[in-house]
Amino acid sequence: MITIYDIAKETGFSAPTVSKALNGTGGLSQTTRQKILEAAESMGYKPNFAARALSTKKSYLIGIIFEDKYMARGFEHPLFGGVLTHIRNNLEANGYDSIFLSHTINEHSVNSYIEHCQLRDVDAVVIINPYEDYQQLSELAATGLPCVSCNDIIPGIPTVITDNVAAGYQAGKYLLGKGHTKVGYISGYTNENSKAGSERLVGLRKAYEEAGIDIPDTNVAIRSYWSREEGYNAMGYLLKQNPDITAIFAANDDIAIGAMNYCKDQGMKIPEDMSVIGFDDESFSEFYQPQLTSFRQNRELIAEVSNIILMNQIIGAPIPEIKRIPADFIERSSVCGPRTRQF
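If you read the sequence shown in our numbering, its first letter stands for residue 8, the second for the next number, and so on.
In short, the hints are calculated from the structure, not lab data. No experiment lies behind these values; they were computed from the predicted model shown. Heads up, a few of these hints could be off.
[Said to hold, decoys possible] Only pairs whose alpha carbons sit at most 35 Å apart, straight line, appear in this in silico DSBU-like list of lysine-lysine:
| # | residue 1 | residue 2 |
| --- | --- | --- |
| 1 | Lys-180 | Lys-330 |
| 2 | Lys-189 | Lys-247 |
| 3 | Lys-276 | Lys-247 |
| 4 | Lys-65 | Lys-185 |
| 5 | Lys-185 | Lys-271 |
| 6 | Lys-185 | Lys-330 |
| 7 | Lys-276 | Lys-330 |
[Said to hold, decoys possible] So the derived label-pair ranges between C-beta atoms look like this:
| # | residue 1 | residue 2 | range |
| --- | --- | --- | --- |
| 8 | Lys-16 | Asn-198 | 53 to 63 Å |
| 9 | Glu-48 | Tyr-232 | 45 to 55 Å |
| 10 | Met-50 | Glu-236 | 52 to 62 Å |
| 11 | Glu-236 | Gly-344 | 23 to 33 Å |
| 12 | Glu-236 | Leu-126 | 34 to 44 Å |
| 13 | Ile-220 | Asp-104 | 47 to 57 Å |
| 14 | Ile-321 | Pro-250 | 54 to 64 Å |
| 15 | Gln-41 | Glu-328 | 34 to 44 Å |
| 16 | Ser-36 | Ile-321 | 23 to 33 Å |
| 17 | Gly-323 | Gly-344 | 12 to 22 Å |
| 18 | Glu-236 | Gly-51 | 49 to 59 Å |
| 19 | Glu-279 | Ala-218 | 52 to 62 Å |
| 20 | Glu-216 | Glu-45 | 54 to 64 Å |
We put the CB at the ideal spot given by N, CA and C, even for glycine.
Work the whole structure out from these sequences, hints included.
Here it is, written out as structure tokens:
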């Protein structure tokens with residue numbers, strides 16, 4: 008097995024210098040670091056993580072908490088699946104491996120997140136769409152273990168989240184620009200910690216309030232799940248409450264497609280009779296007819312910023328409480344100006 012002493016002999020640098028280059032520490036010049044790294048690669052050097060953990064008192068293992076109670080999409084979720092992929096890539100680039108954490112380690116044992124983190128000896132935790140164990144997660148962070156949340160706002164834990172209010176505001180301005188004064192809003196489950204659905208509504212209402220237009224509660228449907236079925240049923244509910252609605256802003260693309268399907272089943276045309284905006288820009292959205300106007304969350308940047316915050320916590324550097332990432336507006340063909348519907 009190739010050791011740092013072999014690399015030191017080959018390059019002419021001291022073993023401590025080689026160690027700094029391999030671990031990305033120390034004030035080495037780029038030339039020195041590059042020479043050592045190239046030598047290590049050519050010699051087939053493989054780091055001994057067990058010895059590294061003993062010497063640094065670190066496991067180089069990051070725990071990931073990922074649950075899926077209300078989305079029912081698992082790793083196929085357009086935001087969380089992508090964030091997980093990029094988080095893993097970023098962690099590996101920093102020399103860390105990852106492991107999923109949960110309450111249940113086996114069918115006979117239910118443990119808290121704190122107990123599971125202690126059992127797995129993780130150096131830090133990434134939280135993505137957890138169950139509603141917010142108090143327990145805050146207690147986890149209070150132990151001093153570095154944590155970052157990629158969606159939910161949890162007291163005591165830094166959060167990286169899409170700027171949902173700004174996106175909702177942009178959707179409202181866009182619909183107003185098309186002439187829509189009677190709009191509806193549909194979202195899945197939301198609470199004081201998981202605020203994506205409620206924040207997008209805040210932004211939408213802000214745009215309309217600036218135009219002197221109120222969006223009544225009867226034009227808003229908050230459902231239990233973020234699914235097409237919920238979107239379908241919610242669209243029927245809203246049209247019964249206010250048949251004059253001419254546009255819908257849906258908090259995700261699945262809900263938007265469900266709403267569009269309901270309208271089509273009633274003989275309505277999209278967008279002539281009902282304009283629709285979704286959120287997440289799922290892969291099917293570009294191919295649905297008509298193509299769905301939507302917002303694309305920046306999964307790569309969310310993961311990158313989350314990783315930076317986590318690494319800064321590990322070394323004791325300052326971190327922000329909340330970092331909001333802009334979403335990209337994707338204009339397609341599911342929105343046009345309103346018209347008087349003919350039945």
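Please name the hints from earlier in the document that this structure breaks, with their numbers sorted from lowest to highest. 4, 7, 17, 19
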